[in-house]
Every structure is written in structure tokens, then in C-alpha cells.
Amino acid sequence: MDFYFRPDLRRFILSDLPEMNLMVDHKDLVNAYVPLAGYINMLATLKRRSSILGDVPYLLGITGSVAAGKTVMSKTFSRIFAKIFKKNVDIISTDSFLKKNNELINEGIIDRKGFPESYRINDMMNFLKMARLGIKNLKVYEYSHDVYDVTDNLISIDSPEILIIDGINILFDFNVPVMPYNLMDFIIFIRSDEGCLERWYIKRFLDLVKNAGSESFYSRFVGMDEKTLKNIALNVWSNINLKNYRENIIKNIFRSNAIIEKRCDHSIESIYFRI
Numbered sequence: 368m369d370f371y372f373r374p375d376l377r378r379f380i381l382s383d384l385p386e387m388n389l390m391v392d393h394k395d396l397v398n399a400y401v402p403l404a405g406y407i408n409m410l411a412t413l414k415r416r417s418s419i420l421g422d423v424p425y426l427l428g429i430t431g432s433v434a435a436g437k438t439v440m441s442k443t444f445s446r447i448f449a450k451i452f453k454k455n456v457d458i459i460s461t462d463s464f465l466k467k468n469n470e471l472i473n474e475g476i477i478d479r480k481g482f483p484e485s486y487r488i489n490d491m492m493n494f495l496k497m498a499r500l501g502i503k504n505l506k507v508y509e510y511s512h513d514v515y516d517v518t519d520n521l522i523s524i525d526s527p528e529i530l531i532i533d534g535i536n537i538l539f540d541f542n543v544p545v546m547p548y549n550l551m552d553f554i555i556f557i558r559s560d561e562g563c564l565e566r567w568y569i570k571r572f573l574d575l576v577k578n579a580g581s582e583s584f585y586s587r588f589v590g591m592d593e594k595t596l597k598n599i600a601l602n603v604w605s606n607i608n609l610k611n612y613r614e615n616i617i618k619n620i621f622r623s624n625a626i627i628e629k630r631c632d633h634s635i636e637s638i639y640f641r642i
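Add 367 to the 1-based position in the sequence shown for our numbering, that's all there is to it.
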């Protein structure tokens, strides 16, 4: 697939995108993110013009393993849509639909956090259905990685032109009539080697401990030596996140519309489309 840009748009990208404070390589911005965003923007515009329901959002799902860079990619696309294509964009994380930690503990599945049974799937599906219909002023509870739980803070979603859904569970099979992926207009899967994913997860864990405040879930690990912290992170990765990745995430990659292959330095190696 070829993408074409007017010369003024390319100059705009080169001059203005660095000011957006994006945590991705500038070469990837110009050669991958912006062309793909342009393609998705075209699809979103066509949907909006042809919908009998009026101004309905385009639902863009971004999925992949824990620590694959879904949040950074979601924010990158959001800023590109807003800055270049002048779209009103919101981002929602499917972590907002996790059961609270105390509920997971009571059910004896705290070590299954992130697996299908740990989500309030009916609430998630109700939200996606209403969002797809363009219902205004939807609210969800915010999930905090620092607190490691769903908080009492509410996020408002008010019928954006593009709604980005960031989550590991977008392609999961749930015991519901309609799956989350059935309600998405376009799904991007971030894929990388398991060794890279493990490295990224351990680094994220160490960073969360390093920056932990007194209220942070990770404050309990402050003061431990780096070797101990890495062993804790590796244990969580191997017994929970890697297991979930193999059982529920990577096996459903065929349901995505585009696959972004990332190297271990997070740069983009290639993009594949499912036709």
C-alpha cells in the first residue's frame, strides 16, 4: 500500500511534530505513524459521512502484550489525528473495566489479573455499544498503573470523532454474544519477540518502583536491590503476563487489521495489513 503526501504536509510533519513531545522515533513518525494515521483518518471520515446514525465515532483498537507500548502508540496516534487531521480524539483503556483488586482477591483470581475472567466484560461491552452509537457524556473509572487498581476518578467520553481503545483484551474470547473486536472499526496489533517484551516489562517495573510515591502500590518494593527487583518482575512476567500473552493475546492476532512489528529498541520494523 502506498501513501502520498503533499509537500507542505511533509514539511509540517518535520517541523511541528517534535513540538508534540512524542516518545517515538522521528523516522517512525514520518514513515509509519503518519501514513497509517492518514489511512485510518480516511476510513473514519468515510464512515462518518456514510453513517445513517449521524456523527458516530470511529473505534480504533490498539492491542498487544503488556508493556508492548500500547499507551505510547495510542497517545502518538491521538496527537497526530488532532494536530494534522484536526480530529476530536479520546483514549480509553480497557484496564478501566478490570475488577477491583479486592474483588479479584475475594474471587481468588488476583494472580489471573488481565485474564478474561478478571474483567467486567458486560460493563465493557455496554460502554463500547453506547460509544459506537455516538451516545454523549459516557463515563468510566480510571485505572492507575501506579496504584495498580481501578480508581474512583471518572473519565468522560463525549462522542469523539475517533475513539482509541487501548487494551490487551480487545481480541479475547469472552462468554458474551458479541466480542469486543466485533465492535471495533480497525484494530492494530503490536508484535515483538517475547524476549523484547520481557525486557520492556522488567524495565517498566523498575521505573515504577523508582518513581513510586507513598501511595503507590510499588512503594512496598522501594529499597530492594536491583537484582531482587528484577527477579520479582521476571516471576510476574513468566507466571502471569507471558502465560496470558500466549493463551489469549498472540493466538488471536489474526483478528487484527494491521500488525506493527517492533524491534527491541521500540522502533518499527514493518507493518502488515490484513486484506
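Everything labelled a hint here was simulated from the structure, so no lab data went into it.
Take the hints with a grain of salt, since some may be wrong.
Quick list of in silico lysine to any residue cross-link-like pairs, SDA-like style, CA-CA up to 20 Å [as the list claims (entries may be wrong)]:
| hint | residue 1 | residue 2 |
| --- | --- | --- |
| 1 | Lys454 | Val517 |
| 2 | Lys466 | Val517 |
| 3 | Lys414 | Phe553 |
| 4 | Lys442 | Leu500 |
| 5 | Lys454 | Met409 |
| 6 | Lys414 | Gly501 |
| 7 | Lys597 | His512 |
Being a predicted model, the structure only gives us computed values, none of them experimental.
Do the hints match the structure? See the list:
no. : hint            : result
1   : Lys454 - Val517 : violated (29 Å)
2   : Lys466 - Val517 : holds (8 Å)
3   : Lys414 - Phe553 : holds (12 Å)
4   : Lys442 - Leu500 : violated (23 Å)
5   : Lys454 - Met409 : holds (11 Å)
6   : Lys414 - Gly501 : holds (13 Å)
7   : Lys597 - His512 : holds (18 Å)
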